[in-house]
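Participant: These are the residues of each chain, in order.
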Amino acid sequence: MFTYVFRKVAWTALVMLVVSLIVFGAVRLIPSDAVDMMFQAESGSEEQRQELRRMFGLDRAWYVQYLSWLGGILTGDFGTSMRTGISVGSEIARAFPVTLELVLLGTLVGSALGITLGVLAARYRGSFFDWLIQPLGLIGLSIPNFWLGSLFLIGVGFYLPGMRIVGYVPFGEDPLRNLAVMALPALALGLALGAAVMRMTRTSVLEVMQQDFVRTARAKGVREPTILRRHILRNGLIPVITVITIQVGVLIGGSIVLERVFALPGLGRLLVTAIGERDYTMVQGITLVISFIFVMINLFTDILYRVLDPRVKIG
Amino acid sequence: MMHSLFRIRRLGRVLSATIFPLALIAGGHAMAQEACRGGTLNVGYSADAVGLDPHLSTALNSELMFQMVYSGLLKVDDSMAIQPDLAESWSVSEDGLVYTFTLRDGIKFHNGRAVSSDDVVYSFNRILSGGGAFSARFADVAKIENPDPRTVVFTLKRPFAPFLSVLATTKAAVVPEEAVKEHGDLQNFMVGTGPFKFVEYRPGTSLTLERNPDYYDSGKPYLDRMVIKVIPDEVTRIAALRTGEVDFTQITDPLSLQILDGDDSFKTEVVPLLRRSLLVLNVQDTPLSDVRVRQALSLALDRQEVVDLALGGFGDISGPFPSGLAAWALPLGEVPIYNEAPNVEKAKQMLAEAGFADGFTLTTYAAPQYKSHIPVAEVLQQQLAKIGVKLDIQVIEWGVLLDHWGKGTFQTITMTYAGRSDPYFYTFERLHSNSPGNASRLKDPEIDRLSEEGMTTTDPAARKAIYDQLQVKMAEAAALIYVATETEQFAMRKEVEGYRGMPDGGRNYLAEISLKDACQ
Amino acid sequence: MNWLSFVRRRGMLIASVLLLLLILGCAVFAPLIAPYAPDQMFARARLAAPGGDFLLGTDHLGRDIFTRVVYGAQTSLMVAVISVGISFLFGVPIGIVAAYYKRFDNVIMRAIDVLFSFPPVLMAIFIVAILGPGMVNAMIAIGITYIPRFARVVRSQALVIVEMDYVKAALSMGIAPVRIVTRHILPNVTGVLIIQLSLNFATAIIAESSLSFLGLGVQPPWPSWGAMLDQGRVFVELAPWASIFPGLAIFLTVLSLNLIGDTLRDIADPRLRGAA
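Chains as they are written, first to last, in the working numbering: chain X, 1 to 315; chain R, 1001 to 1520; chain U, 2001 to 2276.
Watch out, some of these pointers could steer you wrong.
Stated by the list, open to error - One-sided and incomplete, this derived list gives chain U residues near chain X with beta-carbon spacing under 10 Å:
| # | residue |
| --- | --- |
| 1 | Asp-2039 |
| 2 | Ala-2043 |
| 3 | Ile-2127 |
What the hints assert, rightly or not - With beta-carbon atoms standing in for the labels, derived distance ranges:
| # | chain 1 | residue 1 | chain 2 | residue 2 | range |
| --- | --- | --- | --- | --- | --- |
| 4 | R | Glu-1340 | X | Arg-54 | 46 to 52 Å |
| 5 | U | Leu-2021 | R | Thr-1040 | 57 to 63 Å |
| 6 | X | Gly-126 | U | Phe-2104 | 46 to 52 Å |
As the list claims (entries may be wrong) - A short list of chain U residues far from chain X (calculated; beta carbon distances all over 12 Å):
| # | residue |
| --- | --- |
| 7 | Gly-2085 |
| 8 | Ser-2172 |
| 9 | Leu-2186 |
| 10 | Arg-2233 |
Keep in mind that the hints were calculated from the coordinates and are not lab data. Backbone N, C-alpha and C fix where the C-beta goes; we use that ideal spot for every residue, glycine too.
Kindly generate the complete structure, drawing on both the sequences and the hints.
Facilitator: Below, the structure is given as structure tokens:
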């Protein structure tokens, strides 16, 4: 087991290194640079632009720039934003909790909703409820989340004028206000996940329900709720957890779009703006962080899957 | 029957003769009442500042935020006239080389310290040493001196008529040296002399300001606090206006105003700007190198249709100078080509004379980042098709577009140019053969000469004559084909009073806002 | 499986297939079906309600929505087919090679992992930033983004097959790898592939609409359902038809694709039901 984990981690480190190189290169492939963006369509001679470039170290050879950036990252220094001069690390540190909270809440909402509905659908299989839920699941997968978010906003604007929809405050500062603002985006984000989870839960639970050991337990007279808890859920939820962990990556992507709709100052917003401004250090830093999170989640999934699935445990 | 009707009418007339003047007096009295004091104004902006330092930050969105906190020597009002700000008076020498400013008495920085001419000198040296587009405008300053604590003297290398206009902006703010030393720069911390003081900045979310009790214009501002919230999405901003989380917001799409139309609790404001959409032509490129071709393009345009279709009816047709620049702009009837357009037949004829009877294909770059650029290009495409010119719209990202603009690697570009208060910006900066802002790469000796003269002549009447000539020449050269001026829109709760929009897109009058419900 | 649910499912399947054929028809016969040109602006009829001259109303620039929805089918079809095509063309061979050649498997899968370490939207944003906004680049971006998915799916399935006795036997007999691939691996992978394909079409359409929302996808004047959704959002209260109809189009198309994919999966392997 430990060798497995160790190997996985080592490979992951290598992957991250390649990722950093790709990110570095990709950003520089984008035409136009930060200095041009600063001057916009204003007068400003070529000498002035070159001077600014020198200030940012943009005139050094690419590998020198890469190595110095990489060196900084490893010591925790993500460099300074080319636009504002603010430390990239501090910006990321400020934006990260927002995205994290959104993704977590979305996952929670989606999972809770999905698992509950899925279990109910499996339990009352063939009933009207089940028949209704299935298409709802497909529907949930088919709506673009930004549209859903906008609909929520407009609805709130009309029907719930007292509700707080903008003005993010960190959780530590004002937990109630924070949750109020995060409620709608988390819902918009989580619904798609909920649909996927619901479908998987239903299938998996149904499958487990057919299994012999469940029938045996029933025959032995064990009460239904106990069966549900001890046997069905514990085994049925394994693939569900896998689905959730896979989908979290998708949620990260979805949060980028929703952050714009709900004016949340998270990583996604920061990134899109930075790309538009050709703020290399910022783009590199954020992309690296997001990729890192993503990779960590995948790593976690792999290991979790190994741990949970008894069939795979052997060897 | 008739008799009583007459009587009623006569009664009505008598009554109104007495009531009306009374009403006027009463109304006048109401108007003379003081604006309500107090309250917090929540403002919704579509984009965040990129750094708050007035000397270092170039982004428009930054300026819209630090305008509230800093002051320069001069400022412009909503008719683009130059007004005193920190300088209460000034004089220009006969030869136009020496500008002497007298500072107001008793101005204090937000940190309590009194402002002196040393601070002005420090601030300008800081601007000059910073590099960047703004400092380039001060290239002609030979020296800055301060003979006494309330006097600052600028000496120029050669006469530069727009000098006062260049100074009249918060980008030329006076800042305290100790604040810069303490924080390294003023990107995240603001210490100025303006109507509002810095409280807190949360990047990406909000900027909180409070009233400056020591502001030199005592009595103002009326508000206690102002919170500027960053809400990029329009739907969200309008929703926030409805839920009361913002009291005043920018509306980027004029058509969205209709959404609030029926609602009595809000009012909207449309501000005509000096900003214009235009077609930038690269005159080094064939067939655009032939002036007849360029004129034909200009002649073929139905500018009013562009306003109606692409700008939703919001905006005005424009000649070489925007019509809002009332002191300088020639009436369109006096500008050649613009006064005849659209004239499809003649345009086709001109093309034929230039050897393009069968038309040709022209590419234009346009960026999606600004709402109007692509719709304008689309309408131009439809219109130019009528003279046989196929306009191929290539949508590229703003950064890439700027790249092409700077390097001259384009045929045409459909974009907007910002509005400025002095004709120098529309002429020398954009069309002089040595100016880096001359994206068209036009080399016209007449325009060069006239724009230099306009820049260095200080007598207003003489300048007017020069710029009148220039506008005609600009229309004939057709290197930049101007289409229309745009507008800016705002929506606010009906209790928000005192806002006036500025033609250059500034939001200075936010500082003059008062809230009617603050004193109830 | 009782009769009633079988018919029910069949019914939905038929409906889905019919709908997709309808959309295909719109795409192919757009100029014949649509009453106007997609970029034709009627200044006096901005945000007009459905009815009269404009079957589904007009948008904020006075363009007929019915026309744009019909032409939008072309865009969606192209986006779906080309982007998924790219994923397919690159993903399948990679997956097969990884399964077949154990030596390369590790390296290839690590490379795939690298691609996998970017969330899809992020990667698409990046690629579009490099290539520039626009339909073609959006398709390339979405295509590249989903290569890993295809590769992984194909690889898993191929791995199973490669382990099978008769394949091992064929290998030991010295039969050329190409033949083994075409004769044995491909046919058995097809089932999973078709499922993945249909699901990916759906994802690609939604991905394009997200990119359009961020301003990075299909650019005007091309009508794209996603862009129409975004543009119509602001006016939902004044003119809900401007976003309802393109939204409905996206939704129904994606729904049908998902349904078909689901059904195919049910048919192919009931055990896989519900797998995301």
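Participant: Each hint should be assessed against the structure and marked as holding or not.
Facilitator: These are the hints, each one checked on the structure:
Checking U:Asp-2039 against chain X: minimum C-beta separation of about 23 Å lies over 10 Å; hint violated. For U:Ala-2043, the suggested interface contact is broken, since its CB lies about 27 Å from the closest CB of chain X, more than 10 Å. Hint status for U:Ile-2127: holds, given a least beta-carbon distance of 8 Å to chain X, under 10 Å. Look at R:Glu-1340 against X:Arg-54: about 50 Å separates their beta carbons, and that is inside 46 to 52 Å.
In this structure the hint that U:Leu-2021 and R:Thr-1040 lie 57 to 63 Å apart at CB holds, the actual value being about 59 Å. A C-beta distance of roughly 48 Å is found between X:Gly-126 and U:Phe-2104, which places it inside the suggested range of 46 to 52 Å. Under the 12 Å C-beta cut-off, the non-interface status given to U:Gly-2085 relative to chain X holds; the minimum distance is some 22 Å. Annotated as non-interface, U:Ser-2172 keeps its C-beta farther than 12 Å from every C-beta of chain X; the closest such distance is 25 Å.
U:Leu-2186, annotated as away from the interface, keeps every beta carbon of chain X farther than 12 Å; the closest lies near 26 Å. Look at U:Arg-2233: its CB is around 5 Å from the nearest CB on chain X, not clear of 12 Å, so calling it non-interface is violated.
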